Amino acid sequence: MINDRLYYRRYVISAIIVLVVLVLLYQLFHLQIGSPKYKDMADSNAFLKRTVFPVRGLIYDRNGELLVYNQAAYDITVIMREIPADFDTTGFCEAVKISRERFDERMGDIKNLRKNRGYSPYTPQTFMSQLKMEDIAQLQESEFRFPGFYIQQHTLRDYTYSCAAHVLGSIGEVSHSDIERDPYYASGDYAGRDGVEYTYENSLRGEKGVEVLLRDSKGRIKGSYENGAFDKAPKAGENITLTIDIKLQEFAEQMLQGKLGSIVAIEPHTGEILTLASNPTWDPAIMIGRQRGNNYMSLLNDPTKPLMNRATQASYAPGSTFKTVQACVELELGGITPSTPFPCSGTGSKPIRCTHSHGSPVALVKAIEQSCNPYFWHAYRVTLEKNGYGNGNEKFRDQYSKWRTYIMSFGLGKTFEDADLYQQKSGRIPSVEMYDKWYGPKGWKALTIRSNSIGQGEVELTPLQLANMVATIANGGYYITPHLNKNDSMLSRRHQTLVSPKWFSYVQEGMFSVLDHGTGRRSQIPGIDACGKTGTAQNSHGKDHSVFVVYAPKDNPKIAVAVIIENGGFGATWAAPMGSLMVERYLTDSISRPDLYDRMCNSVINTNVIDRKHGRGKKFD
Amino acid sequence: MAGERSLIKAFDWQAIGLYLVLVVLGWVNLYGAIYDFDQSTIMSLDNRAGKQFLWILGAFGIALVLSVVEAKYYNIFSYAIYIITIGILLITPIIAKETKGSLSWIDLGGGVKIQPAELAKISTAMALAKFMSSYGYKVRSLRDLLIPALIMLAPMLIIMGPQKETGSALVFVSFLLMFYREGMNGNILLAGVVAILMFVSVVAWGTEPLGVYGGSLGFVICTGIVALIQVIFARKLTGRFRESLILLSIHGLMTLIGLVLAQNAGLNLNIACIISIVIGCIYMAYLALSTYRRTFWVLIAVSLLSIGYVFSCDYLFHHMLRPHQRDRIMVTLNLKEDPSGVGYNVNQSQIAIGSGGFFGKGYLNGTQTKLKYVPEQDTDFIFCTIGEEFGFFGSLIVLLLYAWFILRLIAIAERQRDAYNRIYGYCVAGVFFFHLTINIGMVTGLLPVIGIPLPFFSYGGSSLWGFTILLFIFLRLDASRAESY
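Quick note, the sequences are listed as chains A and B, same order. With this note's numbering, the residue at position 516 of the first sequence is 516, and numbering never jumps. So the mapping is simple: this note's numbering equals the position in the second sequence, first residue as 1, plus 1000.
Careful, some of the hints might be misleading.
Claimed, not checked - Across the chosen pairs, the derived CB separations fall in these ranges:
#: 1; chain 1: A; residue 1: SER489; chain 2: B; residue 2: GLY1308; range: 45 to 51 Å
#: 2; chain 1: A; residue 1: ASN239; chain 2: B; residue 2: SER1312; range: 44 to 50 Å
#: 3; chain 1: A; residue 1: ALA72; chain 2: B; residue 2: ILE1095; range: 47 to 53 Å
#: 4; chain 1: A; residue 1: TYR119; chain 2: B; residue 2: PHE1311; range: 48 to 54 Å
#: 5; chain 1: B; residue 1: TYR1315; chain 2: A; residue 2: THR89; range: 58 to 64 Å
#: 6; chain 1: A; residue 1: ARG114; chain 2: B; residue 2: ILE1062; range: 55 to 61 Å
#: 7; chain 1: B; residue 1: LYS1236; chain 2: A; residue 2: SER224; range: 55 to 61 Å
#: 8; chain 1: A; residue 1: LYS37; chain 2: B; residue 2: SER1312; range: 36 to 42 Å
Unchecked claim - No more than 30 Å apart at the CA atoms, straight line, and that leaves these computed lysine-lysine pairs for DSSO-like:
#: 9; chain 1: A; residue 1: LYS414; chain 2: A; residue 2: LYS486
#: 10; chain 1: A; residue 1: LYS49; chain 2: B; residue 2: LYS1361
#: 11; chain 1: A; residue 1: LYS502; chain 2: A; residue 2: LYS437
#: 12; chain 1: A; residue 1: LYS111; chain 2: B; residue 2: LYS1097
The hints are simulated quantities; they were obtained by calculation from the structure and are not laboratory data. Since we're looking at a predicted model, the values are computed, not measured. Beta carbons are placed, not taken as given, at the ideal position from N, Cα and C, and that holds for glycine.
Between the sequences and the hints, there should be enough to build the whole structure, so can you do that?
In structure tokens:
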């Protein structure tokens, strides 16, 4: 052996090992025999960590009206491992007023891994949820008799107004995947599922606290540990003030009754969304508590798709309202000047005819006023063909692509990336690639896509985008990303369009004439100078959609509104009166045309729309 | 063939017997840990005891295969296996899915996951054995340990760094035991102990005021240790007391002056301590120059490095460690009581073990491990079930079996003629010793919570197979000791 000199080290190492094992044995002796402390703790005391839920933040409207607040609800949870063999099942069923069969069924469901993926016998599982105080009073008095079962307080929401359901959203129990994604949540917790409740979940929810309780070996709670020295108080959620004007929202929703459609109102210079109405809708109070599941399913299965927020998730052809933004871009791209005339009669009225009767030829302001289709077709053609087509159609395609970029700089055809809205659709301003795919790179010309000139064809926008488009025109060339949180930091999300501010006055003038003596003259608002544009959008779902956009006052605009009534026919019939009423209601706090308002509210266009706001009241089944 | 018979005989059946006893006890105990009133039987594949049974059968199969491989192949392929392992370790964090914060598990599909860190222990031991048993190699100075240290550190750093698996990385420290046996200076082990002492002092009393301006108890203790080292080693180096006494007076005098100045002139006592050490160093430098005892320079370096180390510990602890790591250490040192947070695990496991008493509550009768939440009670905290159900008596038996097993491994290692076998054997013994110490130290609250399994007892195929391979390669090497010469 080479290392004989070091052989003694074998004994040093062995000694170290023996020494360490002795130290471990000493510690075990100390724990198990030397000190009765641990035995006592095991026999009489152990810790139970009970979650204390924070108060969820309240939601207010822009004028400080309380919209959403909390109400107490109780869950009964169970930790399977703690149920003793001699559990008093009969007594328990009596205390919570359920049948023995129901008890067995629930226990079976909880243990069934297929139904309850997150099951563990160590952690609290929800046995019954969302009970009222009177339901659990008896159990609370005798909780100690039923080891393993605990009462957990929760907060549920309640609503002051029965509107704005899409905006506010609701809270519901977190799913297994939520828990995996965010370790903050535990089984049985509540979190925002949609709307503002979802987007602002992190600030509304606050922070859970914990109570350290002592209990005996049978799981019975003996009280607080060290007078709560190790408890952590819950941190209440932050309140949030919305940009919504709840009175105006309610006003809009009233008018939408019996119709499919949407009304969106924005304060132009701040981008604050005043109204985001979509119909059909529901009373937010029906999504609370135990009935939530059933009501949700009935909304989900309703063919009119109430769960879809039409204001942000439905894309419509904007129809003639699109001519406003068209005019801006065509002026900027040099296709037209404010005085360029185009004929409206004879060969000029091909391939798109005019739907209104007026003199010919017309220039820009008059064309907007009279919504002259041939004018906008010629303007579009001239703009796109400005550089010719080129050998491989590339000059035309480049110009089209430029047109698209300019249009999209109004916030159209894409979602607002920096918005705080729950779900948005992007709408569509068709891309070069799309047309290349449809027709081949050389196969499309201005004539092919002529319908785009008047907001038909492949152009589709959401009502929110439409409202933002008007707000941008009202602002003379910029918009602030539309948002729901009334917070000054949102104001920095300012976007300048690619169209020079100098062109906007012509379009604004045209829009003023629309209401003054043009297609929307019947919706003039007494005493208010408003600028608007009607639209009648053809679609594949039957009668035309009635569309209207408006902002007012003409100078220093305070509100921009977009209205879409599905299958409502002419823009001037439904959308324009509603838009004008919105403006009037907001600017003057009153309406001078109550008959018109009543007619709007009481007319039913789609008989399938169910009004779920009637008969509200019961929160629990 | 007669050869086969003698090979079977040549195996160390005492070690194999201990292995079997530990594995079976582990399995039976595991069933106790997961036992539930509505659970199925010990053999059911629905529960972990049933699954562990399959892992155990697999382990036996592996042991059998390893036993028939020619012993020389282990030696021949040591480096190749090591290099492949390093490769696997490097790609693991890339292809691994995060499991409890670490990137150390490779999913082989079908619910089978392996932890390459287990493999790394074995192949590192083999590579170390190969290198240190090569012809003419001997540990004469620290420089000779440079390459072995690199062989050891490479997997350790990969596991600790990219894979974020501190527990498994620390296991490699256990190879120091083998280094010591092969000739590493014992002072290095001593230095390790001193370093830990200083760290604990800094953490425990680093901010503890002394009632004097600026001084902290932890810092004074640390400089005290350095002063003590100077005094003791001065005696060792010179062989007489004179220099030691002079150093002692220097430090004593400086402490007095420091106290007086701290009290009256607002001098920071910590600075006084450092000045004292520095004066000690100046005196030793004089000794080194005048007596040509150059080893004094080493002592000076050690003194100054120690002071630097104390400052780094302070910085490391208060600035580098993450809050949860800091909390774990604080709770272990009883500096922080926190039964609801970090200390919850340890508190619960202490209650479970402590409640076992002398004879325990009986098999399957543990209430703490059943009813209360001892975390990870079938993996890292498995010893709780032993402590609760079998009491001190059962714990004693298990610990004695382990001690016997490890000492037996050392005895086998010592009877090897081939240095490769001996070195590998010491590595094996070291790994088992380390796991035992850290795991039981952790569950009894002596050491911070470092998640490493208790060999043969914790649930998990990866660790069981790892330990089995580690052990049976050694037993196979041992069985061939008769063939070699």
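Right, here's what the structure says about each hint:
1. A:SER489 to B:GLY1308: 45 to 51 Å: holds (48 Å)
2. A:ASN239 to B:SER1312: 44 to 50 Å: holds (47 Å)
3. A:ALA72 to B:ILE1095: 47 to 53 Å: holds (49 Å)
4. A:TYR119 to B:PHE1311: 48 to 54 Å: The hinted range 48 to 54 Å holds for A:TYR119 and B:PHE1311, with Cβ atoms some 51 Å apart.
5. B:TYR1315 to A:THR89: 58 to 64 Å: holds (60 Å)
6. A:ARG114 to B:ILE1062: 55 to 61 Å: violated (36 Å)
7. B:LYS1236 to A:SER224: 55 to 61 Å: Holds, at about 58 Å.
8. A:LYS37 to B:SER1312: 36 to 42 Å: Given range 36 to 42 Å: holds, Cβ gap about 37 Å.
9. A:LYS414 to A:LYS486: holds (23 Å)
10. A:LYS49 to B:LYS1361: Roughly 26 Å separates the two Cα atoms, so the pair holds.
11. A:LYS502 to A:LYS437: Violated: A:LYS502 and A:LYS437 sit about 37 Å apart, past 30 Å.
12. A:LYS111 to B:LYS1097: holds (28 Å)
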